[in-house]
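Which chain is which? The protein sequence lines are A and B, in order.
Note that the numbering used here has the first sequence beginning at 625, numbered continuously upward.
Note that the numbering used here has the second sequence beginning at 6, numbered continuously upward.
All clues given are correct.
Which residues of chain A face chain B? A partial, calculated answer using Cβ under 10 Å:
no., residue
1, Arg704
2, Arg709
3, Ile728
4, Gly729
5, Ala761
6, Glu773
Treat the hints as calculated values from the structure; they're not laboratory data.
Predicted model, so just to flag it, every value in this text is computed and none were measured.
Even for Gly, the Cβ is constructed at its ideal location relative to N, Cα and C.
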Amino acid sequence: MSAAPLLLVEGLVKNFRGLRAVDGVTFSVNAGEVVALIGPNGAGKTTVFNMIAGVFQPDGGRVELEGASLVGLRPDQVCRAGVGRTFQLVKPFGNISVEENVLIGALRWTHDVAQARRRAREVLDLLGLADKRRQMARSLTLPDRKCLEVARALATGPKLLLLDEVMAGLRPAETDRMVETFRKLNRESGLTIVLIEHVMRAVMALSQRVVVINSGKPVCEGVPEEVVRDPRVLDCYLGQEKL
Amino acid sequence: MSRQAILLGLLLAAFALAPLVAGPYLLSVLVVVMYFAYVGQAWNIMMGFAGQLSLGHTLYVGLGAYTAAALFVHLGVPAALGLFAAAAAAVAVGGVIGALGFRFGVKGVYFALLTIAFAEFTRILFEHIPGLGGPAGLFLPVGDRGGIDLIHLRGHPLMFYYLILAMTVGIFLLCRRLVRSRLGYTWLAVREDQEAAAALGINVFRAKLTAVMLSAGLTALGGVFFAFYYNNLFPNQAFSMNRSIEIILAPIVGGLGTLFGPILGALILTPLGELITMATEAMGFKAAGIKQLCYGLSLLAIVKFLPDGVWPWLRTRLGLEPDAGGEGES
Ligand SMILES: Nc1ncnc2c1ncn2[C@@H]1O[C@H](COP(=O)(O)OP(=O)(O)OP(=O)(O)O)[C@@H](O)[C@H]1O
Ligand SMILES: [Mg+2]
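Please put together the full structure from these sequences, using the hints given.
If you want it as structure tokens, here you go:
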């Protein structure tokens, strides 16, 4: 018997009125891993994140963090349990500064505003937003807003980071830089990451394992090189796009 | 010392020294200015910091006023003690409204409607409580207007002048501390985006509730001042929609969520109102509601030309740093 994985998702189901958006999604993530969750538009990827993060209650299935169930917890409780997440549709705190956005994330683990500010600066440095820290968040470009989403989630000090298409819309060079940042975080602080991503360049470079879903159902799972050659994946997703 | 602090010091000095030169009328206007700066600041905690719109805020003024006044009139409880009961009553009622509204996900305009409903309900309730004078009003015995009795809050108008000055300075300093605190940042996050705030570990319900309760309690202290300064209370005034609107005008005109906004707004609006009243009286026509109309027009002008309020605009003109606490650069 091995220890419980960091994240366990089993038989997850979610219905939106008539639509079964998620139907039996199952995967687990070990501490220190980087796992990608991919699939075509509307496959249910964001819905899976929302169920892990406590935004939606699943209609069936289990979500566990280090063996403890997350089902029924509110989003803030899931965050305090150690899960940081970004939003696909970014949600910056527009009328406060970039630094204050990130500082608020750091206040998850410290009551000391000065300490939170120091951490915010470190995180902004890491993500290359340091020179924009005094700007209002609403004045950022979309790529910078995506970056801010990551910075804020990272500042909460998560064990597990859920990234929802943070590299969409970035230029290849920016993508590479962000990939490098996540690699470094993963290597140096053992941060576990689950990322939803359409940018295959990032998926291939970053993830150790890929989980594919389609129409809410699991398709296959494996190392990136195998998954991209899997006929089922080519059929439902990658075949239609590049590659 | 920052230019911000110098400006504040000058303003404070002007108010502190005004009684040396100003006559009774001007002093009474300045009292009203500071009163609206005070309650505006208290309302701003809820709306400007936490983003929760209360359109029935006079409820807390009225509750505070009636609680302290009734305790004084019927039981002889001095204001210095009555204010605790006044604040407690408002905090409790604010807590109930907040808990009801936020628990059932009543948001934005609908929450604002809920606050109006409670103010109206309380007005009707108070008209039917004989011990509070009903519609005929509750009157505080006017004592010796020459002395200074801070405990019972009876005495010379100058005592009230300096009391409201102290309250206004006090709430300014408190709010300045708050916006730079963990709680303040929590409110700003909730104001900006509740879903994102929750994703960062913030208990949104609790954050909103603390904002409402603190705002209610502080507003009630303004009500205590009001009761003992004017010595009469009527439900259809104390709990009227008009009063609620008056409370929120100064911070909106001055600049929502800023620390100087409520002060500046009150400095603009109260004298404006006085001028309008004087002008219409001098011209010899009595037009009820002309003051409200002018307030409405000035509000329109602000919304149209300075949508962030006067202070953010003036601050940039003066080359001052933002107040901090959520006022980054554009
Ligand atoms: N709150 C909601 N209410 C109703 N239907 C929803 C809701 N959220 C998602 N859906 C539906 O559920 C399905 C899955 O959506 P989801 O956002 O999870 O897809 P996705 O895999 O993240 O897609 P994309 O790659 O486009 O982001 C879609 O058909 C979507 O329309
Ligand atoms: Mg999605």
